[in-house]
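Q: Protein sequence lines correspond, in order, to chains A, B, C and D.
Residue numbering for the first sequence follows this note's numbering, starting at 35 and increasing by one per position.
Residue numbering for the second sequence follows this note's numbering, starting at 35 and increasing by one per position.
Residue numbering for the third sequence follows this note's numbering, starting at -3 and increasing by one per position.
Residue numbering for the fourth sequence follows this note's numbering, starting at -3 and increasing by one per position.
Don't read these hints as lab results, they were simulated from the structure.
It is possible that part of the hints are untrue.
To be verified - Chain B side only, calculated, beta carbon under 10 Å to chain A, not exhaustive:
id: 1; residue: Met128
id: 2; residue: Gly243
id: 3; residue: Val245
id: 4; residue: Asn292
id: 5; residue: Leu295
id: 6; residue: Pro351
Said to hold, decoys possible - What the simulated footprint calls covered on chain A by chain D, stretch by stretch (three residues with Cβ under 8 Å from a Cβ of chain D suffice, anywhere in the stretch; the number is not a length):
id: 7; stretch: 131 to 140
id: 8; stretch: 160 to 169
id: 9; stretch: 266 to 276
To be verified - Over the 12 Å line for every Cβ pair with chain A, so calculated as not near, a few chain D residues:
id: 10; residue: Glu77
id: 11; residue: Ile106
id: 12; residue: Ala219
id: 13; residue: Arg245
id: 14; residue: Glu274
id: 15; residue: Glu285
id: 16; residue: Asp304
Where a beta carbon is used, it is the ideal one built from N, C-alpha and C, also for glycine.
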Amino acid sequence: MPKMSIAEAIRQGIREEMRRDARVFCLGEDIGIQGGFGGAFTVTLGLSEEFGHERILDTPISEAAIAGLAIGSAVCGMRPIADVQYGDFLFEMMDQLANQAAKLRYMSGGTLSVPMVMRAPVGATGRGSQHAQSLEAFFTHVPGLKVVCPATAYDAKGLLKAAVRDDDPVLIFEHKLLYGSKGARSEKGALSPIGEVPDEDYIVPIGVGAVRRTGKDVTIVANLLMLYRSLAAAETLAQKGIEAEVIDPRTLVPLDKNLILDSVRKTGRLLIVEEDNLTNGWVAEVAALMADEGFAWLDAPIKRVAAPDVPPPFAPPLERAYVPDEQRIVDAVLSML
Amino acid sequence: MPKMSIAEAIRQGIREEMRRDARVFCLGEDIGIQGGFGGAFTVTLGLSEEFGHERILDTPISEAAIAGLAIGSAVCGMRPIADVQYGDFLFEMMDQLANQAAKLRYMSGGTLSVPMVMRAPVGATGRGSQHAQSLEAFFTHVPGLKVVCPATAYDAKGLLKAAVRDDDPVLIFEHKLLYGSKGARSEKGALSPIGEVPDEDYIVPIGVGAVRRTGKDVTIVANLLMLYRSLAAAETLAQKGIEAEVIDPRTLVPLDKNLILDSVRKTGRLLIVEEDNLTNGWVAEVAALMADEGFAWLDAPIKRVAAPDVPPPFAPPLERAYVPDEQRIVDAVLSML
Amino acid sequence: MGTNEIALYQTMVLIRRFEETVNELYMQGRIPSTLHLYIGQEAVAAGVCSALNLDDYVLTTHRPHGHALAKGVEAKAIMAELFGKATGTCKGKGGSMHVGDIRVGVFPAIAIVGGNVPIAAGAALSAKMMKNGRVAVSFFGDGAANEGDWHEAMNVAALWKLPMLFVCENNLYAASTPYKAAFNIETIARRADAYGMPGVVVDGNDVLAVHRVAQQAVERARAGEGPTLIECRTYRQCGHSRSDPRTYRTQIEEAEWKTKDPIVNFRKYLLEELHVDENSLRQVDEKVEADLREAIAYADASPLPAADDLYSDVYTPTSEGGRHA
Amino acid sequence: MGTNEIALYQTMVLIRRFEETVNELYMQGRIPSTLHLYIGQEAVAAGVCSALNLDDYVLTTHRPHGHALAKGVEAKAIMAELFGKATGTCKGKGGSMHVGDIRVGVFPAIAIVGGNVPIAAGAALSAKMMKNGRVAVSFFGDGAANEGDWHEAMNVAALWKLPMLFVCENNLYAASTPYKAAFNIETIARRADAYGMPGVVVDGNDVLAVHRVAQQAVERARAGEGPTLIECRTYRQCGHSRSDPRTYRTQIEEAEWKTKDPIVNFRKYLLEELHVDENSLRQVDEKVEADLREAIAYADASPLPAADDLYSDVYTPTSEGGRHA
Ligand SMILES: Cc1ncc(C[n+]2csc(CCOP(=O)(O)OP(=O)(O)O)c2C)c(N)n1
Ligand SMILES: Cc1ncc(C[n+]2csc(CCOP(=O)(O)OP(=O)(O)O)c2C)c(N)n1
Ligand SMILES: [Mg+2]
Ligand SMILES: [Mg+2]
């Protein structure tokens, strides 16, 4: 089976969906310019050559318009895949996403659908406060949206394809340090979760999480980059005889609640790890859910590891202290035993 | 002591601060027009007569500009009090609030401050999906902002004055059904928490919650309209011999965590009530905090009562089913015992 | 003369009487919440929508009844929606500020000022990409032209020559705010130039003039020549929303605009210039009254939504989200 | 001739050499993250900022080094910031995209395209309300003029006659996107008319021309006559950010603009037209080099922030928020 990076896997997913379905198209800033970047992280590189500028639309720097174009065209029968260059810019289209895309179907009494995809790279990569946030929590609170966060190449392609085929608006959060560590857009600290990605058509269903490591002593729920740090932490813990079960939710809305409940029932301990700042992150929702529905099985306080409640800083030593690392995860687990 | 509604108390607070400090001014849509509304809920009525149109600025319908004007002028020495007509419109200034107001001080290495106030009415009042949300949770996740939510006339004036004097950006969430049930802007279902409000200068410090009712059996944390529904529920429960302690956080950021912890230590049971939809609401953060730091004292699962994960509906029977009522609060408490 | 004029007259009367009727019903407490009425602006909706096909798209605002009626949304379904009934255009989930019916091209109204404009551009983009010959119309007020969303949509529509109309109803006020307090320019149409788009000012109380201008803009759009900004100068004869005492404007101004009433003047024109038989107009009036009576009866007799309906229509059943409630 | 011209020359050379130097340092791995360099656009920052007082306000973008230097932020403090050091303009918390120093009127740079414009209007509003005679300048690129924030700020500034300058650096590209792919109009200055504001196009590579236009706009602003939109036509001679191969534009185009280099041509002008002694220019060049060496040494020798510094500067100590960490 071919191996590829997440950026390549997403690109392949887009390409396959565009070949399969004439309604699918892409829009965004700098995504299809001849001789250009293929978006901020090369994902759409080469697509305008294959599909032309009629289906790979380079927009002005107008995020609200990008969202509105996606919403309106989706309602009228198209299948837009839009993106922002950095997740932080979603705030510039917040009304279109939270007040329009999410509510149009409901407000219409279910007479229309908004089958659009919005892709957004997240994660701190040394660029300072306005190019670093992980914005999942701003959208998990919005009914009507779905929120996915692929951490592997296999899931990246499969969730992209599922999102394109989904009849409702789906936000895909992708991590900048997971796109692949090679080529023009390599990043300091980037991982390269190169994985096997079938060339054929498949989807990863929205709403289904994955157990990435089994264990009996503690459940760790973590997404995107934090998944890899949690897996590393689990190895360290294993050396101390502690077996962590590591769950990748893959989708935050709808959340695969039962997967987490089943694990907590087994381990009695829950740690949730997120890259964005702590207060009211998506980890709070998982903690709240488990403090209710999983309460009977909990043997220890529910712990969260997240960035502190400060904006993302620039200087490398500060950013390193900001983004949760393996050590913090290990320490948190140890504090629970 | 004079009695007044929340709308009057806020107006008095603004008036006093504007008299006290020439740097204080107001800006927003329809706030000072001669013969106009005094904002969407009459709060600023009469202020342009006293302070003139140089200090009560009627803006175009440009929410991002309103925020930017507030931010820039605050950095340069003014003390703006801005507002949106409905909280839902904050999404139109989301970048200015979450990426700019909240981060400017940090990004500058602490060399400037952004002493601005943004007022936003929240709550469902029969107007449908785009005039109904309670947006606290979108902002409790943003470090650099402070978030307050006064539920009484006394607090409304005191927190407004504290916010104006605060050196950092403060969002004030006010509930449409609590402004006062009389006059031009009366609302179906409005409460009128007329309260004693000292004519003299006082502040309610940001970050300090209040116990509104003491009890030993269960702790209920609730803000704004939900506070009143929780107090009513507590009376009903009392008739069954169950004594609920009802806490009004008053400030969500920074949260008066210890007040809640102390109560939970006593009661062993925690219910949190919020008007916005459940998933990732501010109640999730309180639950997560207590599932960690209060775990040792918990005798029952932490319960949350909130709206379901749907956009706010229009039809009265739907809206009644959407906004949590006394019965749901009573039932939730009973399920915990 | 021709059936066209009578149809325009009928649409305007329907809108006027619909609004007057729901205002009364509101006063009687039979309609909950709030209403933004379209009284005085009827010529805009009627003039523009009569230039459209049934499958063209219309996006409207917090003041949507007129646009919806003119585009062919059934009066009884709108009425039922205002009553909060399960048979309403939105099954009672939307309310006055969100009426619409996508089957006749009307998106659920968008009550965020300026918020419909980028979405209308999206609808127009779909028409261009699918080559189905449709056009999209975004209706908005003077106030909306100062929203950032409006600007972004204007630019991209002009740039990509999207088949759409930007129809500004400049009724001289945004809520209580007079035009002069929000703009430093004489006309909003002048802004079209900033995007390389044609802009026209038209008497928004003259239904034939509006229709002509809209017709031309629609032809331009269908021919692939791009969008047009049409500024219709008009006046809201009623308050901004319920219980607005309108003390921010003068009675003289109101009286002046009353003399420019789009329906009264058009009726006069039909009778005096086109020599339409007064009887046929009276028949139209009566038809409208009968339709409204029927609409009220329908709305009245319709069931309220069940509390359980609260949970449906968030996600599409084919891809139901399954969030916990 | 006069000291003015020499000062302008010095500012431009400082910016150019600063950018070339940090680019080298970046290549050597001594500067982390990414950089957006200002090479080729120096005449804009120098020409505009030389028309300002120290207490006037400047708001800048993701490409801020030039503006910051021209407005008087110390080179060594910027350098230290790029190195991520505790002595940087932002104590290492900001980085390249957020350099600034409010003591000389420069807000921390705002990297959200268009995001600085409403804030600049706020700074100008404060000047108007406090009657302190200051003006505010918002620098932004061609791309930013399509953001909604830009539109809202343009309108309110014109409406309220705020003392400010909107300085558009039209360098013909927004990242890889050519001007023509984002605009259906020949000049951005033309947009000023949409707000009732004067708009001017100026050769952004001619520092004296920029200075003159800015000077006039500043006078207008201080006189209470309101804002001006100035479109400076220029060219970014470097990539958009690090490692940009610039394959979206032709080498012919690049070569053409190289002949319009603002510094080379101004130097020539100084020598040939103003008969400035070449020695004095060489002294300027050397002074700049010495300053840069000093800046690097300073940045190098400065301490990194301590991990604990992460937690400070979120809230103002007088009103410390006390969030849990
Ligand atoms: C983004 C946003 N800001 C403010 C409002 C509140 N609001 C509703 S209608 C209105 C006035 C709109 O004026 P205009 O666009 O001229 O339309 P008109 O009401 O005159 O038809 C305002 C301010 C809103 N709904 N959305
Ligand atoms: C709101 C927002 N959208 C997109 C970006 C990503 N981005 C950074 S610079 C840039 C191009 C800006 O072009 P222009 O305004 O012309 O300035 P220039 O880079 O040419 O100086 C883009 C798209 C951003 N920083 N902010
Ligand atoms: Mg209007
Ligand atoms: Mg540019």
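Q: Against the structure shown, which of the earlier numbered hints fail to hold, in ascending order?
A: Violated hints: 2, 3, 4, 5, 6, 7, 9, 10, 11, 13 and 16; rest satisfied.
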